Amino acid sequence: MSARPLALSSRIPPGLARAGLLWPSLAIILLFMVAPIGIMFTYSFLTAAPYGGVEWTFSGAAYTEILFERDFLDDSLAFTPDYLIIVARSVFQAAIATVLCLLISVPTAYYIATRSDRAKNIWLFLITIPYWVNLLIRTIALLFVLRGDGPVNSALIDLGLISQPLPLSYNGFAISLGLIYSFLPFMVLPLYSAFERFDFRLLDAAYDLYASRRVAFFRIVLPVMRPGLIAGSLLVFIPSIGSYLAPDILGGGKTLMIGNLIGTQFQAARNWPFGAALSMILLTITLIVLLWLARRAARQQQLN
Amino acid sequence: MQRAVIHPHPIPPGSISQTMAAGQNPVPHPHTVATEVRNLCKIYNAGTSRAHEALKDFNLAIRANEFFTLLGPSGCGKTTLLRILGGFEPLTSGICRIFGDDVSVLPPEARPVNTVFQQYALFPHMTVRSNIAFGLEMLGKPRAEIERTVEKMLDLVHMTEYADRKPDTMSGGQRQRVALARALAPQPKLLLLDEPLSALDLKLRQKMRLELKSLQRETGITFVFVTHDQEEALAMSDRVAVISNGCLQQVGTPEDIYEQPQSRFVADFIGESNLIDARVARFSGCEAILDIAGFDQVHADVAQDLAHGQPVSLSIRPERLVLSAGEGEGRGLATVFDRTYLGNAVEYHLRAGDHALTARSPRGGLRGRQDFAPGDTVHIAFEPGSIKVLLS
Amino acid sequence: MSTARMRDLRTFSGFGLLSVGCAVFLYAPIVFLTLYSFNDGRSVSQWTGFSFRWYQTVFANQNIQTAAVNSLLIAVTAATIATVLALGAAIATVNRRSKSGGEGAYVVLTFPLMVPEIVTAVASLVFFVAVGISLGFVTILLAHIVFCIPFAYLPIKARLEGMDETLPSAAADLYASPAKAFVRITLPLLVPGLLSGWLLAFIISLDDFIITALVAGPGATTLPLHIYGMLRLGMTPEVNAISTLMLAASTALVLLSGLLGQAGRKH
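Those protein sequence lines, which keep their order, are chains F, Y and L.
Residue numbering for the first sequence follows the working numbering, starting at 1 and increasing by one per position.
Residue numbering for the second sequence follows the working numbering, starting at 1 and increasing by one per position.
Residue numbering for the third sequence follows the working numbering, starting at 1 and increasing by one per position.
Quick caveat, the hints were computed from the structure, so don't treat them as lab data.
Since we're looking at a predicted model, the values are computed, not measured.
Any given hint might turn out to be false.
[Stated by the list, open to error] Taking lysine-lysine and the DSS-like style, the derived pairs with C-alpha atoms no more than 25 Å apart in a straight line are: (1) Y/K152 - Y/K56; (2) Y/K152 - Y/K141; (3) L/K180 - Y/K166; (4) Y/K141 - L/K180.
Throw the hints in and build the complete structure from the sequences for me.
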């Protein structure tokens, strides 16, 4: 042969090629995502500078500040529930949104999954569009209909049901509705794909064994769907708890949630360590929930 | 810089290969070795706790122009061997030659070998025509030649009318033909077939066996065929290698393998065998007299040296057990405990002392053969020359 | 007929009605918003006649144009860079014989999906200020690339995993070099995954508000930021008009990706 045979070993080593392909994305995420969170973690233990930013003095003040207020004069700590209420309100709002999304999504997803292929595609398309439409625009649209002189109130007045506009916007109710409106598609779509995989012969078997429709649904369908229900619930709960736009636009800035509280620390009040501490708490809650879900899923997979 | 490739048709001085086209392969000397592996070892995950030795010091030579089958149960190493020949799997040690050239470290694209993959691996975004042309294009053949060869290949596998279809619009049998045409188009020196019939249903599989065999004759290309289906192996092959557990058990013609199994494994794996423990009573040259518990002594021709008192296994095919109600030439008594009707034969499951035996009569009861029912006591005899002595 | 018709055993009464209710809930606000963008009067509650005047106002507004161009520029650039990066990552993480290390890479690549947006937003702000990159177009772009990577990565990875892994082997068997096998076989088969990954990244980038709001700094603005600013002055017909335009754009993109997905499934 004229040329030396091209040996397998003379190519670029596969390990090196793989690293070259993988590392640019990893590096970008590590540098611009993981490192910033590391910095935040550090900042949460520093002292706030008077005009934003931090001073490099160690302090746990950011974390104690969540529960206590330091008196200006005698430096004593007094319990203040203000921030705790905001955290509790966030959890409460997220929980309400999750439960209501479940109640709406289960029948809807089930209904879609049992349609003919054609109808199914149309329904899926209908649900998918809001999923991808700009969240700010959708929140604005909801504010538009809920306003004092918006279509809902006008219609109710025209019908003579009420004489004064109902306070539908700029309150806790509006935030709840906003969270449901924002994240409802997040629940319907995964539930739909879970129902799609449901083995409907189980339902036949239940009827065959004298189950009523109600019993069949609650004793057979829902328990089998449990993993899907949990996954869907988290997909609503997690973005809800850290939500910024819904409370900001629909709550009118009065009824704050933890997301707004964090945002505010980096804008107006400018207490960076406090904002960083709140972020760490929110992140920890989120990651714990996700980790729990991942371990559950892994266990489920092992069982199958 | 030109990539170093052993082209499917290197041009040996004065060779007729320059004029070669499909169906006109030169007929090399019958004993030319097409491919051989020497002292081949393949260890997966070497050096880890999951290390697995797939091939152990493997030696095999496949002759030019033959339809050669690698036969064995799944996990025996036959597919590993095929993948090593194709260059898809690096070998751990040993050497692999194709027509004399050492190809051990060559990647697949530099080997004059093509493969028909198990699930065909047809390129789904290309038409049948582009699939078949792909290899020729990669070899840098001129446009006109590619077109000519593709047409010829389409004709060869009777797929001309499907030339512009995409693979996913075709049936399993049609895809199979396209995969064959694609692999044959570059005129490989060796065609590797990785269980290509396993995805087809029974009728189609039987039809494709005949087609494959005639394709091999027409093209004169050496086929290396991997299967776990012994019937397939016996039906198509010139020679068969039986592999078990990473080791070569026996190489030979289908008749050799079936009639003269050299190990318990081969006797058991190829067709069905009654395996009976025995002891050598007397041995002289090429004949032995053997003791079987509960039976009269039997004679057998043997090829190997045996010692007195040596324990051996006897292999007897079910169709070569003769059952009769009268004593006649019977060697022992057995009880029928099950009778299975198979259409073209009847199978009897027998118990004789500690031995469980199977006998098969062509259409039991007819043509002078007696039929038996469960519970009957029968006399068993062995057809002359039917006993194979295997070293235990 | 005397006997009641037997109902489909799969259906439950009331579910259909609830589903229709769900769809009405999702669409009513969008429909009203769109409807009033065509209102002639300045009022956002009284219908006074059909008109395109607010669209004319929007199109004449130099600031909105600048914001829209910025948004598009950032979305196209971020989606493209993220898709290229994700393609490399997908190739490196899929098809590997040894599984070790794969999970680690996967966790990092999908990490941006796990962090609450507000946390990402403030962390990015703090980081850019700490390392001294001045806030503006560049910081928006960097932040967008980061959160676009997982959205581009997941569809490409799924497509690659769904691909018959013997195809590249078959190409090599037919004398294609690794580079040629990639260009002729792997890449064409990945096209649907690449397109849907790019589209997802593009939509997500256009959609983002909170991260952009924090890292934008005083100079740069995007369409969502501009609309948010307009909202501070109250609901105006202009807000309706520009929102309707964005709705139309999103819907068109979803339609497009749906069609692409269907074409991809045909392969």
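Outcome of the hint check:
For the hint pairing Y/K152 with Y/K56, the CA-to-CA distance comes to about 41 Å; that exceeds 25 Å, so the pair is violated. In summary, the hint linking Y/K152 to Y/K141 is supported, as the alpha carbons are separated by about 15 Å, within the 25 Å threshold. This hinted pair checks out: L/K180 and Y/K166 have alpha carbons roughly 21 Å apart, not beyond 25 Å. About 16 Å separates the Cα atoms of Y/K141 and L/K180, which keeps this hinted pair within 25 Å; it holds.
In the structure shown, a violation is registered for the earlier hint numbered 1 alone.
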